[in-house]
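Q: One letter stands for each residue in the lines below.
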Amino acid sequence: MEMLKIEAMDAGYEDKVVVKNVSLESDIGDFIGVIGPNGCGKTTLLRAIAGLINISNGQVKIRGKDIRRINRRELAKRIAFVPQLMVPTAGFTVEETVLLGRTPYIGRFAFETDRDYRIAKKAAEELKVEHLIDTPVTSLSGGEFQRVAIARALAQESKILLLDEPTSHLDFRFSIKVLRMIRRLREEKLIIATFHDLNLAARFSRKLMLINKGEVVAYGRPDAVLTTDNLRQVFKMKMEVRKNPKTGKLRIVNA
Amino acid sequence: MSKLKTRLPLVVYLLIVIIILCFLSLLVGSTKMSASKVVSSIFSAGNSNASSIIWQIRMPRLFLAILSGSLIAMAGSILLGIFGTRVIDNMIVKTSYLIGSMVAAVSIFMMLFGANLNLLYPCLLGSLAGTTWDKVLLIALFVILGLVVYVFYYKDLNALLFGEYTAKTLGVEVTWIRIFLFAIAAVISLIAVYSCGLLCLAALILPYFVRLATGVNYKYLIPVSIMSSASLIILLDIFSRIIFPAELPLGIIVMALSGPFYIYALQRRRLGL
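Going line by line, the protein sequences match chains A and B. The first sequence: position 15 = 15 (this note's numbering), numbered continuously. The second sequence: position 190 = 190 (this note's numbering), numbered continuously.
Keep in mind that the hints are not guaranteed to be accurate.
Here are the simulated distance ranges between beta carbons [stated by the list, open to error]:
#, chain 1, residue 1, chain 2, residue 2, range
1, A, 109, B, 213, 28 to 38 Å
2, B, 163, A, 14, 16 to 26 Å
3, A, 183, B, 144, 43 to 53 Å
Calculated from the structure, these hints are not laboratory results. Owing to the predicted nature of the structure, the values given are computational and were not obtained by experimental measurement. Positions of the beta carbon are idealized from the N, C-alpha and C atoms, including for glycine.
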């Protein structure tokens, strides 16, 4: 049974439907980049998958089970979410922040065990922040904190990892670094990330989902989605897609 | 561990402050006693006049001050966790409305039954004078309740700090936790009113300022708030005994002193800090 299956889903806030008729089937090993203009519903789509907002039609299933039938604690063991604007919170060290990811595993009347600390440490190592483990998060750089935020999600040991614009306030070098780390995680996870940078999305995603006004315009391999026609239709702008003949990498430029 | 290195000193300083304040609180009162007399009376629980003043009058009063401070600190921290910094607006507008109607309701109720309204004023203004051990024990039970909730729910309060969505993706049933913790905060506040008077609730704002020093991590915020708040109440209770010839109600002092802090906090919030 597939890890994640979305069936003709409509989702949004209160009475306002933001994303319409989205369907998707995906499994571990995938890295799906969600792209589209500002306000097209990228974040809303991730929130719907995470069970944070109202799904008015259709359903989201994890291994065949509707997420609305899974309680929060169990859902948190299956889906981790890194929001776009996670603010460093005064009074927390890197270790304490990463440990938050263990919350769904710690019983109401229990405390963090050695195992939780080990898993948090491993998550920090994976994102190369283990040397900062006792540093207060308020003294980290943007790039470091973003990695801590991802490590926190990693400590949840979920099979599905959702990232909302993981590189939105990182400089170019850090964006590449962080995305390389995320890509490595793909082996044991299904990753869905939103991007506003089409070039980064094309370079790191295995599949792309192009959204416009809440509806999926195209879904598939990057070179199949990023066509001049699709981009013109969605971004109302003439764009040219170039393929590097040597590396096969796609590059989108404003023509 | 650098965590301990940075966090321990604050706790140690506060403990020293509390111990000094406790001693001062036992020293000050209408019957003059020397420091050595106080110390010897503490350790000789005999039937002498001095030791009965210490053990039957001043000690319960001191304990009640510590417990009241703890209750207010716990309620204030929890409210801060459920409402965020909006708590300042919420507290001033909603709580004053709530308290106003509560006082009106109780007054009417008491008048209907022909009770003496003078009974109401200690409850309103608050004073720790005339505390008995029975009252101390009763209040202590609720302090223990608060501590249990702190130990088992600080993780949820921490998760809530990162916003409703993040808390939910960490597996926290946000709505239920908010309702439950609000109910606990309400019960604790009510007991605090019984313990030291309505006006003392003005000290609910203290965790808001403690937070600026310790950060918002609830694991540390609540214990440090409890210690600061307990120190504050002991200190103000000492003041209430020595500033004026007749005792000034504790609540009035707390209220008057916290005014500027509310204005400062509101101002900070308006500026979006």
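Q: Taking the hints in turn, state whether each one holds.
A: How the hints compare with the structure:
1. A C-beta distance of roughly 30 Å is found between residue 109 (chain A) and residue 213 (chain B), which places it inside the suggested range of 28 to 38 Å.
2. In this structure, residue 163 (chain B) and residue 14 (chain A) meet the distance hint of 16 to 26 Å, their C-beta atoms being roughly 18 Å apart.
3. Between residue 183 (chain A) and residue 144 (chain B) the C-beta distance comes to about 51 Å, which sits within the given range of 43 to 53 Å.
The earlier numbered hints are all upheld by this structure, with none contradicted.
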